[in-house]
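Number of protein chains: 2
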Amino acid sequence: MDIKQKSINTLRLLSIEQIEKASSGHPGIALGAAPIVFTLYNSIMNYNAKNANFINRDRFVLSAGHGSALLYSALHLFGFKVNISDLQAFRSINGITAGHPEHGLCEGVEASTGPLGQGVANAVGMAIASKHLASTFNTKDYQIINNKIYCLAGDGCLMEGVSYEALSLAGNLALDNLVIIYDSNDITLEGSTSISFSEDTRKKYEALGFDVTQVADANNLDDLEQKLTIAKKQTKKPSLVIVKTKIGYGSHLEGSNNAHGKPLTKKDIGVLKNNLNFDHKAFEVDEDVYQYVNLKRKQNEKYENNWNKLLKDYENENLGLFEQFKKSFANGYDLEAIENLEKLKLDDDMPIRNMGFEVLQELKLYIPNLIGGTADVSPSTKAYLEDLGSFSKKNYNGHNLHFGIREHAMASIANGISLYGGLKTFTSTYLAFSDYMKAGMRMSALMKLPILYFLTHDSVLIGEDGATHQPVEQLISLRATPNTKVFRPCNSSEVIAGFISWLDTVEPTVLVLAKQKINAIKSEVKSALRGAYILSEGKSKLELILIATGSEVEISLEAQIQLEKMGVGTRVVSMPCMEIFDKEDEKYINKILPKRITKRIAIEAGSSYSFYKYVGTNGKVIGVDDFGASGTSEELRKMFNLTSENIVETAKGMFTKKEFKNIKK
Amino acid sequence: MDIKQKSINTLRLLSIEQIEKASSGHPGIALGAAPIVFTLYNSIMNYNAKNANFINRDRFVLSAGHGSALLYSALHLFGFKVNISDLQAFRSINGITAGHPEHGLCEGVEASTGPLGQGVANAVGMAIASKHLASTFNTKDYQIINNKIYCLAGDGCLMEGVSYEALSLAGNLALDNLVIIYDSNDITLEGSTSISFSEDTRKKYEALGFDVTQVADANNLDDLEQKLTIAKKQTKKPSLVIVKTKIGYGSHLEGSNNAHGKPLTKKDIGVLKNNLNFDHKAFEVDEDVYQYVNLKRKQNEKYENNWNKLLKDYENENLGLFEQFKKSFANGYDLEAIENLEKLKLDDDMPIRNMGFEVLQELKLYIPNLIGGTADVSPSTKAYLEDLGSFSKKNYNGHNLHFGIREHAMASIANGISLYGGLKTFTSTYLAFSDYMKAGMRMSALMKLPILYFLTHDSVLIGEDGATHQPVEQLISLRATPNTKVFRPCNSSEVIAGFISWLDTVEPTVLVLAKQKINAIKSEVKSALRGAYILSEGKSKLELILIATGSEVEISLEAQIQLEKMGVGTRVVSMPCMEIFDKEDEKYINKILPKRITKRIAIEAGSSYSFYKYVGTNGKVIGVDDFGASGTSEELRKMFNLTSENIVETAKGMFTKKEFKNIKK
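Residue numbers (numbering that gives the first Met the number 0), protein chains in the order written: chain R, 0 to 664; chain W, 0 to 664.
Keep in mind that the hints were calculated from the coordinates and are not lab data.
These numbers come from a predicted model, not from an experiment.
One should not assume that every hint holds.
To be verified - For lysine-lysine, the following BS3-like pairs were computed, each having C-alpha atoms within a straight-line distance of at most 27 Å:
| hint | chain 1 | residue 1 | chain 2 | residue 2 |
| --- | --- | --- | --- | --- |
| 1 | W | Lys651 | R | Lys594 |
| 2 | R | Lys586 | W | Lys651 |
| 3 | W | Lys392 | W | Lys232 |
| 4 | W | Lys612 | R | Lys612 |
| 5 | W | Lys594 | R | Lys651 |
| 6 | R | Lys49 | R | Lys308 |
| 7 | W | Lys202 | R | Lys393 |
| 8 | R | Lys651 | W | Lys582 |
| 9 | R | Lys344 | R | Lys363 |
| 10 | W | Lys637 | R | Lys582 |
| 11 | W | Lys392 | W | Lys80 |
| 12 | W | Lys538 | W | Lys564 |
| 13 | W | Lys612 | R | Lys637 |
| 14 | R | Lys297 | R | Lys49 |
| 15 | W | Lys564 | R | Lys231 |
| 16 | R | Lys516 | W | Lys261 |
Let the sequences and hints guide you as you build the complete structure.
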């Protein structure tokens, strides 16, 4: 058997054995797509397994994340930090070889994948990042960034809308550093793809601006390598390489949807080995296979060495750029930006979203690698970087991304940009439409990517656009998402705190910004950074705590005045970020929300679920638990009782007559 | 001026005046697309404004919902129940002319739209419904269902992934009753579409299986009518009619992105009238225009009359089918199905998802118009109707829909099916992937459509697939969505109750079904229908309440046994549906959760936010507030302390030593 074929069969068997041992996993893709993954790592990609994070490496994203076992087998074979014992621990708790690939857990995994289609958008994000960084740092003589992004996508990935959104943008941007490899096996879980999918794939992707080639049989390695090489050398368009594969290749289930997710038994593996004419001991790799792939390892090391030499020369000739380059990849700008934001004073007499805009303009002075954009709503959300140009195929140096009306792709592309490294990124749309991109936001959180989600139009109070545009359940949905900080600020200090918190963390931050102006008391950024703080303390003896965020702080302050007039000692706590407050020490929490004060009212123009943990069964939440309507902001305020009058009435209802009598004494 | 042209200008002005009066709205599309909407209502569509719900009417979906003012103007002109005073109340609270069109609020609005792209998928759903009903009820001699579905989509709609998903499926299904009209004006909010969108549209949609034609100028009414007529007569494929329009046509902002969402002033309207060479008093329609469109009204009435005669003859010749037809459109099967489900006994010795499958098989016996499917996961979620065939272009009579791996389109298509009438529909995927379709689920809720979401793999306890497939925040996100019932059952009675509740409501129901088997006590369906109930009462004096759902009921029962051994009187409350329980009367609520028992522990393998309102600040929630991991179900259970041991320990921590001493006496 030819050594390449032997290596591929080794990948196949290592993968199948992982799945068999775990009694769980997806044999179909592992057997079918092994030639593709092998060819990429062996003949096409530049990387260095000994330094998996080498900056100018080619990226490989396994968008069809259920092919995890195959990826782990390849990472092992080509020298990444994945041992045979890791393969044997496939899908076990505390292992690095998770059920679906997890970035950060296993070296060489460029993106966490599994939810289909998103990996494709991650790859587009990486290609955008690479183009932008190349345009920033490359000089006539030095191409320090010139890597390629490869992505393996299955039928499922390409059926998902997110991949279409991302690839349509990739075509528009002429990302010639992007190679999408379509593992086309004509089978999905329910049977033949033809039951729901019958596109002329070539024609479609040509229409999107791709160069399209096809490999009729993945097992024709020469053809495969040739077509991938053509794609690699493309200089005008992104490429799609359609590779016809057989799901479950070589097994008794070859070509059947039953091959997709059912582990092969030991007996089935015997049949497989017979069919492949390949003798193999479980979890063993023959020495000649290791020797063969070692040739590639050496090439890889040389490749990085050459790049390091290039970078050294670059440093000598372009010291300024070099330092910026280093700093960008080390997230070296955040600290300085934080220091400057702490000193920033903003006029409070403007809509909250405009404050977000102002901070972005400030940030761009300190963070030269800031890049981001909106899903076609920058005039409305104000999330753009003035004078820094639009990122387009004619100007990869632009810092403003025009994602188009494609929220899901926006989030998943941002994930890709962030995964690539070297850039700080933000995205923006209306809060209500975070629903469109929630699946991508979840992946930002799971991968702990420091992406800023700049979401405006934050409640029913936007008014006239009506219920479809008015968020209700979105705030709690994002707060309940692990590793996600949600800021809903009421004044400029809290807006600034939101940005600082973002720069200070390795997790996504959601800034929820009102479209309108809010009259709130000025406060200190450092108070806002505790997540919740006393914004206004009453003069009478403390009896009642009002907890509010964003646009409801104003009415809480108004209510406080009225309540104090009645003698009810009232504290207004502004709570811009629960996730931070919840992690404060008990002493601070008890200072802000003393246990003995059980009369508490929380007010927020969103689902009341967010606040029961603070007000308890004795307290009340004034929230929005129904869909909104068209009308003026003021009418909506009344419709949902988001008024100071209602706060006062609610407060009164919490006191007995006797209590009131005592208060008035 | 030609009377057609005059009518179109009337639509334009009526729309602009609405927007001016409301100081809010979108002039751009109203001016640009008026010829399209006029031609549809005047020359292309069959409907009867006097009976807006006439079953065999053609449907028009304004996917570009920001064109609401134009739609209302057309509904007024063509005789629907939209008066001039309604136009004058555009975007006012309590009016019928909401900011974006709302189905149910305004007659003639076939779908609530605004969140872009979804209307396209709604239209695909309607086309599917029409095909299925036609194949069920039409005979050789009687074509009682032969209507067409028209949808107006803008650049934004077609950039959204959901429209791509839906149209790819429409091509696969050869829905020749579907006509998508693409209002192509080359402008979006941020500027020229070319900044993010440069597809060869014709080629793309041909690749998806569409017949594509183009109208070079929307104002060429003959060309427009001709191309729409060709599309209307298509018999093999769905059609896309690309119509080039000018955003803000006739205004001083024609062709500019500023025309999109900025109301014209009174002065601007003067300029517009000048440019259109059209004299017009605000909110007035010239008599000759009314007279002209009245011709169409009369045709319409005659069209329905003819259909009614046809139906009468159909009734005479096909009484059985006719009665089924009537019953289907009257939701006439639900009651009988509920009665039968109440009597149904299911084996509790099977995974919860399999119980869902069993109920579906039972339901199909009583509900002949049941149709639904999954996003390519039916072998895994078990949501299919055995022996009822697959819906395909060769078999529109099939009841199982293969949506493909397209969750968002699935939800939005289901909305369209439900909007069409005559069918009862369900969709299915994994709970974690509800994120992909949340934007569609929200529209089910907003429109109050009785769609069943059959979601399995309901917690981290699915195990090996890992964090990407393990839901955490999804339960609270759906519970916080207004008009949405979420059931998370622990046994067969609760599964049955979930289905009954769905049949008994006009809102969406989310059934969250564990992949695994659960050992829980048998209970009564009628208890489960109260939302929460005492599943198991301890023998000692009541001291502690455990509230649990689904897979956590089992461990709560185990904990109860141990706690009772220690003398702690413990009640286990199963809470399959909070939304129902929260609407029970106070007496019932107080019976289940007596106020005096403040020691409460809620246990659910999902975000703890769901339960604070029941346990208060004294109680505890044992939930999952972090992402999961790969491992066995048992390992995950330990990782997240979802164990009876932890419940017991938590309970112990709630008692003082003294209290414990007293208990033991």
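Now for the hints, and whether the structure bears them out:
{"no.": "1", "hint": "W:Lys651 <-> R:Lys594", "result": "21 Å, holds"}
{"no.": "2", "hint": "R:Lys586 <-> W:Lys651", "result": "24 Å, holds"}
{"no.": "3", "hint": "W:Lys392 <-> W:Lys232", "result": "18 Å, holds"}
{"no.": "4", "hint": "W:Lys612 <-> R:Lys612", "result": "7 Å, holds"}
{"no.": "5", "hint": "W:Lys594 <-> R:Lys651", "result": "21 Å, holds"}
{"no.": "6", "hint": "R:Lys49 <-> R:Lys308", "result": "17 Å, holds"}
{"no.": "7", "hint": "W:Lys202 <-> R:Lys393", "result": "24 Å, holds"}
{"no.": "8", "hint": "R:Lys651 <-> W:Lys582", "result": "25 Å, holds"}
{"no.": "9", "hint": "R:Lys344 <-> R:Lys363", "result": "16 Å, holds"}
{"no.": "10", "hint": "W:Lys637 <-> R:Lys582", "result": "23 Å, holds"}
{"no.": "11", "hint": "W:Lys392 <-> W:Lys80", "result": "37 Å, violated"}
{"no.": "12", "hint": "W:Lys538 <-> W:Lys564", "result": "10 Å, holds"}
{"no.": "13", "hint": "W:Lys612 <-> R:Lys637", "result": "25 Å, holds"}
{"no.": "14", "hint": "R:Lys297 <-> R:Lys49", "result": "10 Å, holds"}
{"no.": "15", "hint": "W:Lys564 <-> R:Lys231", "result": "70 Å, violated"}
{"no.": "16", "hint": "R:Lys516 <-> W:Lys261", "result": "20 Å, holds"}
In this structure, the hints that do not hold are numbers 11, 15, in rising order.
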